[in-house]
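Based on the provided sequences and hints, a complete structural model is requested.
Reading the sequence shown from the start, the letters are residues 0 to 128 in numbering that gives the first Met the number 0.
Everything labelled a hint here was simulated from the structure, so no lab data went into it. Careful, some of the hints might be misleading.
Cross-link-like lysine-lysine pairs, in silico, DSS-like; alpha carbons within 30 Å at most [stated by the list, open to error]: (1) 59 to 20; (2) 40 to 59; (3) 40 to 98; (4) 98 to 59; (5) 20 to 74.
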Amino acid sequence: MHNYLNPERLTRPTGYTHVIKAAPGRTIYISGQIAFDRDGKVVAPGDFRAQTIYVFDNVKAALAAAGATFDHVVKITTYITDMKNAAILREVRSNYFGKNPPAGTLVEISGLVSPELLIEVEAIAVIPE
Numbered sequence: 000m001h002n003y004l005n006p007e008r009l010t011r012p013t014g015y016t017h018v019i020k021a022a023p024g025r026t027i028y029i030s031g032q033i034a035f036d037r038d039g040k041v042v043a044p045g046d047f048r049a050q051t052i053y054v055f056d057n058v059k060a061a062l063a064a065a066g067a068t069f070d071h072v073v074k075i076t077t078y079i080t081d082m083k084n085a086a087i088l089r090e091v092r093s094n095y096f097g098k099n100p101p102a103g104t105l106v107e108i109s110g111l112v113s114p115e116l117l118i119e120v121e122a123i124a125v126i127p128e
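Structure representation (structure tokens):
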């Protein structure tokens, strides 16, 4: 489907791929997903692992609504409020992506839309034609 490349000159990636040559198809953009339930209430305040699982489940639902899966994701951007949680993020994220994780960017930020939120994830997927 997509071609996953990790050039030897670049560092060995942990949980992401440096370069993805996406197959021709329809591009899907998933807005940043946060740990809000259907009523807009924060899920698991202060619990990074629980929020991360909830967020990736939200991404999964958004992808499914567009006829896509995590296998179609070519780029993911993750915002967290404390880089000390990066190992937990990588562990949880690995449960959603197979042997070919997408290209990825991880950014530490000072805050999200609600101070109780600890993570936000946005994604780009390509569904082959």
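Here is what the structure says about each hint:
Between the alpha carbons of residue 59 and residue 20 the distance comes to roughly 22 Å, so the proposed pair stays at or under 30 Å and holds. In summary, the hint linking residue 40 to residue 59 is supported, as the alpha carbons are separated by about 19 Å, within the 30 Å threshold. A hinted pair counts as satisfied when its Cα atoms are at most 30 Å apart, and residue 40 with residue 98 does not qualify at roughly 34 Å. Our distance criterion of 30 Å between C-alpha atoms is met by residue 98 and residue 59, whose separation comes to about 17 Å.
Proximity of residue 20 to residue 74 is assessed by CA-CA distance (about 11 Å); at most 30 Å being required, the pair is judged to hold.
In terms of the numbered hints stated before, the structure departs from hint 3 and from no other.
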